[in-house]
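Student: In the order they appear, the protein sequences are chains A and B.
All the letters of the first sequence, read from the start, carry residue numbers 1 to 335 under our numbering.
All the letters of the second sequence, read from the start, carry residue numbers 1 to 364 under our numbering.
It should be emphasised that the hints constitute simulated quantities derived from the structure, not laboratory data.
Heads up, some of the hints might be wrong.
Unchecked claim - Below, computed lysine-lysine pairings styled on DSBU-like, alpha-carbon distance capped at 35 Å:
#1 B:LYS107 - B:LYS191
#2 B:LYS219 - A:LYS237
#3 A:LYS237 - B:LYS107
#4 B:LYS85 - A:LYS237
#5 B:LYS191 - A:LYS237
#6 B:LYS85 - B:LYS108
#7 B:LYS191 - A:LYS77
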Amino acid sequence: MTYLMRRLAFMFGVLVAVTFLAFSATNVIGDPLFNVVGFYASVDCDAVIAGEIEDVVGTIAGTGIGECERVIEAREKYHLDDSLPVRYGRWIVGMAQGDFGDSYANQMPVSTILAERLPKSVLLMGVSMVVALGVSIPWSVAAAYRANQPFDRASVAAGFGLLAIPGFALAIILFYFFIVRWQIFPSRFMDDNLFSRLHSLVLPAASLGLPLAAVYQRLLRTDLITTLQEDFVITAKAKGLSDRRIMFRHVLRPSMFGMITVVGLNMSALIGGTIIIEQIFSIPGFGRELYVSAIRDDITVVLAGVTVLATAFVVINTIVDLLYSYLDPRVRRAG
Amino acid sequence: MAGALLTVQDLRVGFLTEQGLVRAVEGVSFDLEPGQTLGVVGESGSGKSVTAKALMNLLPSYAQVGGTVDFDGRDMFAMAASREKHFWGVEMTMVFQDPMTSLNPVKKVGEQIAESLRVHLGRSRRDALAEAGDLLEQVGIPEPGARLTQYPHELSGGLRQRVVIAMALACGPRLLIADEPTTALDVTVQKHILDLLDDLRRARGMAMILITHDLGVVKGRADEVMVMYAGHTMEEAPTTTLFAEMRHPYTEALLETIPRIDTPSHTRLVPIPGRPPEVIEVLDGCPFAPRCRYSIARCLTNQPDLTSHGAGHLCACHAPVGTPSGTQARSANESAGTTATGLDMDQFTRNVPVADPGQSGAEG
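Just chain A, with the same shape it has in the complex (with noise of 0.2 Å):
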C-alpha cells in the first residue's frame, strides 16, 4: 500500500512539473496578450492611461476605437498582470475544475473541444493496441517453439520489413489497397454507431499498430525463448503438462517484462503517430486538432493538449509499474 501512495505521489509530482513547464514555455516564448489583440499587445496601454503617450485609436490600418480598453479588458479577463505561478496555479485550479479556458481561435471552451475530439482519439489508440498485442503475442509465441526454424526466420524477416516501413507509409499503401481500389473500408471516419466507428478505425489502427506489433514481436519472442529454457519449464514438462499450457500458464507472464515496459514507453510514438494518422484517414480527432492548434498558436487548446498526453503517459506508466509486480511477485517485495 505504501508502495502505491509513493507511486502516485511520485506521478502528482512528475504532472505538476510537466504542467509548469509546459505552461511557462507557452507563456514565456509568446505573449499571450497577442493571440488575444494581435499587434496592439505591443502598445503601452499604462502610459496612455497615464496621459504620457496618445491612445493609437484608428492610427494603424484604420481599426477600431478604444483599442486600449480592448488590451485592458483581455488583461484582466485572462488574469496577465498576475506573476507567472499565480497564473499557473489559476490554469491548474480551473482544470481539475473543468475549465480549460477558452481558444484564442473560436472562443470555444476548450473542455467542448476535448469532450468531442478526445474519445475518437482513444478510441483508435485503444485499437491500435488492440491490434499490436493482438498480433504480436501469437506471432511470439508461434515464433518462440519453433526459434530458428524456417517459420521464426521468415517471421525475423518480416518483423525487419513492418519496421522498416513507417507508420504513415504503410497507411498510404493500405489507404491505396483498401479504400482507393477495393474500397472495402470507408475514406473518411463515420461517426454514426460503435460498429461504423470501429470500422472506420480498421485501416488506421493497422497502420499504427502492426509496426508496433513488430518491436514487441521482437522483444517477446527473444524473451519467451530464454524463459523456455529455465528449469521449472523441465519441471512443467516432467509433471506431463501439455506444451500449450505450459507456454500460457508458466513461460508468457515471467517473460512479458521487457515487452510491458516498452509498451508503456512506445504510447509516446502511439500519441505523435495518431497526430499523422488522423490527419490520413481524416479522423476529426484530438491529434489532429492538436496538430492545427500549434500551427495557429491556439495556446490554451496545446497546453490542454500537453496536459492530457502528459497525464496518459504517466498513467499508463506508472500502470505498467504496478503490473511489475503483478507480473513477478518478487518485484512486490522490492517496492
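For this one, chain A is given, so just place chain B on it according to the hints.
Tutor: Just chain B, lined up with the frame of chain A:
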C-alpha cells in the same frame, strides 16, 4: 526379470553436435522391482542425468534415443511416440537438483502442486488445493495451509525442495526419479531430504531411482547401485555386495574421494586424476583406462563387457579389484611407476594439480 516395474535394455542416447555424435549413454540396462531403490552413481558427465531425462521423456527432440524401456508391461517409447498424456507426471515423476530454479517463480506454491492434480486427475480447484495442503504436510512443511499461498522466493532451499517433492508425489507415482536431490542444498538439510525421500518411498511403496555423485548417499538407502562412467555401466550390484566387495577400479576410486568419519584426521583424500572423456568417437578400449591405476595393455584396445561376479553383481573390467588379475595389474603398474596408459602412479597418492594424462609421464 518377472515382476519388474521398470526394465531398461540397452538404452542409448546420442546428441548430434558440430563435433560429431556425442554418445551420452551407451547401452545401459537395468531392472527395478516395485518398491525398490536403485542408486545411480557417477561423476558429472557420466550420463546419469541423461538417463533420467530419457526415462522422463525430457530429452530435446534432436536427441537420438535407442533401446527399450518397459514400464509394467508398457513400452515407454511407444507411449512417448503416441504422446501419452497421463503417464509422465503421474506414474513416473521426477525431483530435480536445484530447487532454487526448478519452481516457477511467479506462481504460488499451492497452485504449482495443485496443477498436476487438476490436469491429470481432474480435481476441482478447491479439492486440488486441499490435497496440496495435505501433501505439504506429508513432506514435513510446517504450517502447510499458510505455505500454499506463498511464492517460492519466500521459502528456504530446503523447504523448496520439499515443495518439489510434494509436486512429484501429487498423483501417487509408482516410480520417482530423484536427480541429485540434495546437491544444491546445505549439508545440514541434505540428510533430512534424503531421509524424507526414503520414508515416503517406504510409506507409499513406490520405486525410486536415486541419482548422485556421492557413493555415501546411496549407502544404506539404495537396494541396488549402478556405477556409471562416460555413458557406460561400470559396475552394478546389490548395495551391500558393492561396498563389501567392489570389483571396479572406478568404484574404488570414487569411494576414496569421499571423506570418512572413521579415518584418522589429516588423511589425504585420493583424487581421480583427469576428467571424464567427451565420448564422441566409438571407444576401442575402456573409457576409464586413461585415469585408471589398474590399466593394462588390453584396456586400451578391448572394451570390457559386463561379466558376473556373483549374485546380481556385474562389472565391466579386465583387471577387477580384488581378483588375481587386478592385484597383479596394480602391483605391476606400481613397480613400473606408470600405468599402461602412461599415467604417473604418483598422482594417486599426492594432491598434485591434475594434469593431462598424456603429459604426466614426461613431468614425473
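Student: Hints first: check each against the structure and report whether it holds.
Tutor: For each hint, the structure was consulted:
Taking the CA atoms of LYS107 of chain B and LYS191 of chain B, the gap is near 28 Å; set against the 35 Å cutoff, the hint holds. About 31 Å separates the Cα atoms of LYS219 of chain B and LYS237 of chain A, which keeps this hinted pair within 35 Å; it holds. With a C-alpha separation of about 16 Å, the suggested pair LYS237 of chain A and LYS107 of chain B falls inside the 35 Å cut-off, and the hint holds. Our distance criterion of 35 Å between C-alpha atoms is met by LYS85 of chain B and LYS237 of chain A, whose separation comes to about 11 Å.
With a C-alpha separation of about 28 Å, the suggested pairing of LYS191 of chain B with LYS237 of chain A holds against the 35 Å cut-off. A hinted pair counts as satisfied when its Cα atoms are at most 35 Å apart, and LYS85 of chain B with LYS108 of chain B qualifies at roughly 24 Å. With a C-alpha separation of about 84 Å, the suggested pairing of LYS191 of chain B with LYS77 of chain A is violated against the 35 Å cut-off.
Checked against the numbered hints given earlier, this structure breaks only hint 7.
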